[in-house]
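Protein chains: 4
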Amino acid sequence: MMEHRTQIRVRYAETDAQGIVHHSVYPVWFEEGRSDFLRKVGVAYSQWEKQGYFVVVVDLTSRYAKPAYYEDQLTVVTCLKRFRKRLMEFSYCVVDEKGTQIAHGTTRHLIMDKKGKPSALSSDFYQQIQLKMAESAEQ
Amino acid sequence: MMEHRTQIRVRYAETDAQGIVHHSVYPVWFEEGRSDFLRKVGVAYSQWEKQGYFVVVVDLTSRYAKPAYYEDQLTVVTCLKRFRKRLMEFSYCVVDEKGTQIAHGTTRHLIMDKKGKPSALSSDFYQQIQLKMAESAEQ
Amino acid sequence: MMEHRTQIRVRYAETDAQGIVHHSVYPVWFEEGRSDFLRKVGVAYSQWEKQGYFVVVVDLTSRYAKPAYYEDQLTVVTCLKRFRKRLMEFSYCVVDEKGTQIAHGTTRHLIMDKKGKPSALSSDFYQQIQLKMAESAEQ
Amino acid sequence: MMEHRTQIRVRYAETDAQGIVHHSVYPVWFEEGRSDFLRKVGVAYSQWEKQGYFVVVVDLTSRYAKPAYYEDQLTVVTCLKRFRKRLMEFSYCVVDEKGTQIAHGTTRHLIMDKKGKPSALSSDFYQQIQLKMAESAEQ
Chain V
1 MMEHRTQIRV RYAETDAQGI VHHSVYPVWF EEGRSDFLRK VGVAYSQWEK
51 QGYFVVVVDL TSRYAKPAYY EDQLTVVTCL KRFRKRLMEF SYCVVDEKGT
101 QIAHGTTRHL IMDKKGKPSA LSSDFYQQIQ LKMAESAEQ
Chain U
1 MMEHRTQIRV RYAETDAQGI VHHSVYPVWF EEGRSDFLRK VGVAYSQWEK
51 QGYFVVVVDL TSRYAKPAYY EDQLTVVTCL KRFRKRLMEF SYCVVDEKGT
101 QIAHGTTRHL IMDKKGKPSA LSSDFYQQIQ LKMAESAEQ
Chain H
1 MMEHRTQIRV RYAETDAQGI VHHSVYPVWF EEGRSDFLRK VGVAYSQWEK
51 QGYFVVVVDL TSRYAKPAYY EDQLTVVTCL KRFRKRLMEF SYCVVDEKGT
101 QIAHGTTRHL IMDKKGKPSA LSSDFYQQIQ LKMAESAEQ
Chain D
1 MMEHRTQIRV RYAETDAQGI VHHSVYPVWF EEGRSDFLRK VGVAYSQWEK
51 QGYFVVVVDL TSRYAKPAYY EDQLTVVTCL KRFRKRLMEF SYCVVDEKGT
101 QIAHGTTRHL IMDKKGKPSA LSSDFYQQIQ LKMAESAEQ
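Residue numbers (the numbering used here), protein chains in the order written: chain V, 1 to 139; chain U, 1 to 139; chain H, 1 to 139; chain D, 1 to 139.
Some clues are possibly wrong.
Which copy is meant is left open, so a pair is good if it fits within one copy or across any two.
As the list claims (entries may be wrong) - Keeping only pairs whose Cα atoms sit at most 25 Å apart, straight-line, the calculated SDA-like set for lysine to any residue is:
1) K85 x Q127
2) K81 x R11
3) K66 x E49
4) K40 x Q7
5) K66 x Y53
6) K132 x D36
7) K81 x F125
8) K85 x S119
9) K85 x Q128
10) K66 x R11
11) K115 x W48
12) K115 x Q73
13) K114 x P67
14) K40 x Q73
15) K40 x K85
16) K81 x T61
17) K132 x R11
18) K115 x V55
19) K117 x Q51
20) K50 x D72
21) K81 x S136
Honestly, the hints are just simulated from the structure, not real lab data.
Chain V extracted, bound-state conformation (with noise of 0.2 Å):
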């Protein structure tokens, strides 16, 4: 199970009148650390669509555990789960400077086509991801 660490910076329209960052955020800040995983394995996602494959979310938890604020300097640790050529499953930890848990949740996604089609990752690109990914982790 591979591990990644993305930096994230509260930024103040992410805030709300509770004067928190609305739970909304979270997931996009989800997507960021699991964007910024494939970049760093070097499977940049903006890739994956050029090649006619979109990875579309069907379902996403989210807990929330201690409120973050504006200016706070968070980290996402974005883990893979599960990898196959028709699905993926990513969880993700937000934590603060202290390393103390703010929330944590869990997306799954589906492989499609351009027409929004259920699909399947060719064996070439799939064991592409896989071998950029155990170099990645063995570094």
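Since the structure of chain V is already known, use the hints to place chains U, H and D on it.
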């Protein structure tokens, strides 16, 4: 169990580069369903905060069955599943004009005071809300 | 010059830690006013994109007179200031229930093709829209 | 006139159905540029609010020269144009990795107190900020 229906028109800003509504928008719609539910019952959430009660999201689930598109006219069906002095639970179903389910989800909430500490609604306020809900359900 | 009024209810997610609507939300409301304007005229923007015309924002101004708060019921008054085959200009005024001005702004737009190149509406499509606007203005 | 550069990576949630960054996102980036500017100078905006000063946006302009896309690595160049006890003006330029201008804009701000009334920075706080800016500019 009470149920309430809220109309939502998809905004362009709510779409993403896949051409569909971004998955982080649904929690915003769930919240709008919840807000509208409380307004219709006659206990608008803005009144809760004025009385010193902050309803904080502790967890969220969201499942995406079909994509939604710009200008779609959707309905958020909001149900209050549990209502206690210290917590609330809601479920949501987003359907399109034909009644087809687009997404569904849940949220759980704790009552907090102004300082963000767990709190409980006063018996007076709790009963006042229950009475209004009962009246609203009869209509 | 045509004018159209759109109702907006302030969402909790649109507020920030100052307790007011974040200034980046007004451009979203302007766009919703613009979308609603075109729908009422009978030339919904989703139809434009299906015909291969993309209306791209080239500039935006926004002035903030008074803050708006969660649950406020606002009206966006949208005016079409200029309509040419290659460009459009709109102005917007956001008012509260008493008619007090909250904000006003402007946007200018260019017509683009699918590839993002400057384009022009066909004479047919342009005249069809002008006709619908004339009919709509008479009602 | 001071200038500061802030790195921004385009998030998927910031794109729209045209496949490009939605125009309402740029004001959020401008704000992040402004926040980062103040942090680097050593007078983070979260400190201003703790001292009872709220910096409120009174107007905004934004011009869009070229589209930005998911995963683009952009730089927001933030300039402080005017700094008085009662008001501030900033300008912003968003450039891509080749230095090509994507967008530029301006914001003007008034200093408010906790109740949202126009206010002025105390001479002490104002001079403290000016001193830090002078030190920062020398580096």
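The hints, checked one at a time:
Proximity of K85 to Q127 under the C-alpha cut-off of 25 Å is restricted to the intra-copy arrangement: shortest distance 10 Å within a copy versus 50 Å between copies. Only between protomers do K81 and R11 lie at most 25 Å apart by alpha-carbon distance; the minimum there is 22 Å, versus 29 Å within a single protomer. When the C-alpha separation of K66 and E49 is checked against a cutoff of 25 Å, the pair qualifies only between copies, where the shortest distance is 19 Å, while the shortest distance within a copy is 35 Å. Within a single copy, K40 and Q7 get their C-alpha atoms as close as 13 Å, and across copies as close as 17 Å, so both meet the 25 Å cut-off.
Proximity of K66 to Y53 under the C-alpha cut-off of 25 Å is restricted to the inter-copy arrangement: shortest distance 17 Å between copies versus 36 Å within a copy. In this homomeric assembly, K132 and D36 come within 25 Å of each other (Cα to Cα) only inside a single copy, at 14 Å, whereas the closest approach across copies is 34 Å. For a Cα distance limit of 25 Å, the shortest separation of K81 from F125 inside one copy, 19 Å, qualifies, whereas the shortest one across copies, 45 Å, does not. In the homo-oligomer, the alpha carbons of K85 and S119 lie at most 25 Å apart inside one protomer (8 Å), although the nearest pairing across protomers, at 41 Å, exceeds that limit.
Taking the shortest Cα distances, K85 and Q128 sit within 25 Å of each other inside one copy (12 Å), while across copies they are farther apart (48 Å). Within a single copy, K66 and R11 get their C-alpha atoms as close as 17 Å, and across copies as close as 23 Å, so both meet the 25 Å cut-off. In the homo-oligomer, the alpha carbons of K115 and W48 lie at most 25 Å apart both inside one protomer (15 Å) and across protomers (20 Å), since each shortest distance falls under that limit. Taking the shortest Cα distances, K115 and Q73 sit within 25 Å of each other only across copies (22 Å), while inside one copy they are farther apart (39 Å).
For the identical chains of this complex, K114 and P67 are inter-copy neighbours only, at 13 Å across copies versus 38 Å inside a copy, given an alpha-carbon limit of 25 Å. Taking identical chains as interchangeable, the C-alpha atoms of K40 and Q73 lie at most 25 Å apart whether they share a chain (20 Å) or sit on different chains (14 Å). Taking CA atoms no more than 25 Å apart as the test, K40 paired with K85 passes inside one copy only; the shortest distance there is 20 Å, against 45 Å between copies. Proximity of K81 to T61 under the C-alpha cut-off of 25 Å is found in both arrangements, the shortest distances being 14 Å within a copy and 18 Å between copies.
Taking identical chains as interchangeable, the C-alpha atoms of K132 and R11 lie at most 25 Å apart only when they sit on different chains, with a minimum of 23 Å there against 33 Å within one chain. In this assembly of identical chains, the alpha carbons of K115 and V55 lie at most 25 Å apart whether taken from the same copy (12 Å) or from different copies (23 Å). Taking identical chains as interchangeable, the C-alpha atoms of K117 and Q51 lie at most 25 Å apart whether they share a chain (15 Å) or sit on different chains (24 Å). With identical chains, the CA atoms of K50 and D72 are at most 25 Å apart between copies only, with a shortest distance of 15 Å across copies and 35 Å within one.
Within a single copy, K81 and S136 get their C-alpha atoms as close as 16 Å, which meets the 25 Å cut-off; across copies the closest is 45 Å, which misses it.
Of the numbered hints stated above, none is contradicted by the structure.
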